[in-house]
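> Counting from 228, one number per residue, gives the positions in the sequence shown under our numbering.
No lab work stands behind these hints: they were computed from the structure. Don't take every hint at face value.
Claimed, not checked - Heads up, simulated DSS-like pairs for lysine-lysine below, C-alpha to C-alpha not over 27 Å straight-line:
| id | residue 1 | residue 2 |
| --- | --- | --- |
| 1 | LYS292 | LYS384 |
| 2 | LYS682 | LYS401 |
| 3 | LYS384 | LYS401 |
| 4 | LYS536 | LYS572 |
| 5 | LYS423 | LYS550 |
| 6 | LYS587 | LYS384 |
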Amino acid sequence: MHVSLRNIHKVFSDGTHALRGVSLDINPGEVVALLGENGAGKTTLMKILSGVYRPTSGEIYIDGKPVKFKSAREAMRFGIAMVHQHLSLIPGLTALENVALLSGGGLSPISQELRQKVAAIAQELGFEVEWDRDVEELPLGVRQRVEIVKALYWGAKLLILDEPTTVLSPPEVKSLFQVVKRLREGGRAVVYITHKIPEVLEVADRVVVLRRGLVAGEFKPPYDVDKLVEAMVGRRVAGGVERVGQPGEGTVLEVEDLWVYEGGRAVVQGVSLRVREREILAIVGVEGNGQEQLVEAIVGVRRGRGVVKIHGGYAYIPDDRHKALLLEMTLMENSIVGMEDRFAKRWLISWRDVEQFASKLIEEYNIVAPGPRAVVKHLSGGNQQKLVVGREFSRNAKLIIAHQPTRGLDVATTEFVHGLIVEARNRGAGVLLVTSDLDEAYKLADTIAVMFKGKIVAQGPVEEMGLEYVGRKMAGL
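Construct the entire structure; sequences and hints are all you get.
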């Protein structure tokens, strides 16, 4: 199946011009990497191809014949499926029931034939899934596998993976690369949306770079990394901010013997830690080992048993930007969440001041949006993340709790956020950084702690925490 997109434009109702005439060809048995910064239009383009959005103008052709999709279900009939960055499985159903449920249709009976076909697809891809467990009980990486099997069960010939490694641990990333190669060997086409250049080098037969809604370049192996970066960002990326001085003696966060229970099970087990002034403490570990529950207990959105002391105010960047945003509201309104009193005059919010503040965030954090009155749900995931980061850093808090702060961000914005974290540390703040990205941890941290099955199993100054040792501790060895 050959797919061709021609001169695709997309303008959203708030004026966001996400695509400005993009053309793209996709061949069977080919992995095309769609590379670009946040807001470049990558996900929007693929949502059009998969039937989620309709183009404002432009044409889609399959094997030379024009097609128009009114829904994702209709695109699936033509063999096009998308595994989204925020997985779309239905909680309360088992993994197998989710495979049987086609978007817009009813739940097919769980027949022996269905079960056998699903097991055969999983075996072909090397997946191990407990098909009769509720998807809510499965780790994020396994849920992603369920989405892939579902797409193939319903006949996908072209599979679109949107930032697929965002929720995966390093071993799971390697496993995913093998799956992509198996799909290609089986004659299927894969569009791999990413902003991570190392992933491109690993899997792509061809790279198409988008920038500000336009094709900025197309590349084939051998790839020149500098040219890919320049095509993405329009310039070379500068180095980061250097760390100044040693951690101080003052404490900004104390956690003592903290326990958190979920479904009657202890998911955080007696965690104690301390974050000092001018210290970045990085907690690393494979996702699903209690990091989310630990952070949420510290900030008070989840009940825990133990002692948490925060000295001074704090800023909080959650692991899922949707936890921090009101998607149906404007960028202006979202920019002051939790800071309304700063913009109140005689108990009334000064929206003129809010608009100026939001405009400043747009400029300083390079948020791609038509303006401060844009509705947040129409921003790309990366630009939503920039809004959260900008808002939280504007608090100038003594403690910054950053859970996966660069998830979904492109190379230039990741460098920018890393710089903000180090600058905050240098001015005397303490940072609790929770990340599954070991490169990020080693780049930023003064101290590294490893979390496994709800416990801190190792901790020490970064220079004493060797990569091999940390990797073994993450695996529970």
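> Compare the structure with the hints numbered earlier in the document and write down the numbers of the violated ones, lowest to highest.
Hint check: 4, 6 fail, others pass.
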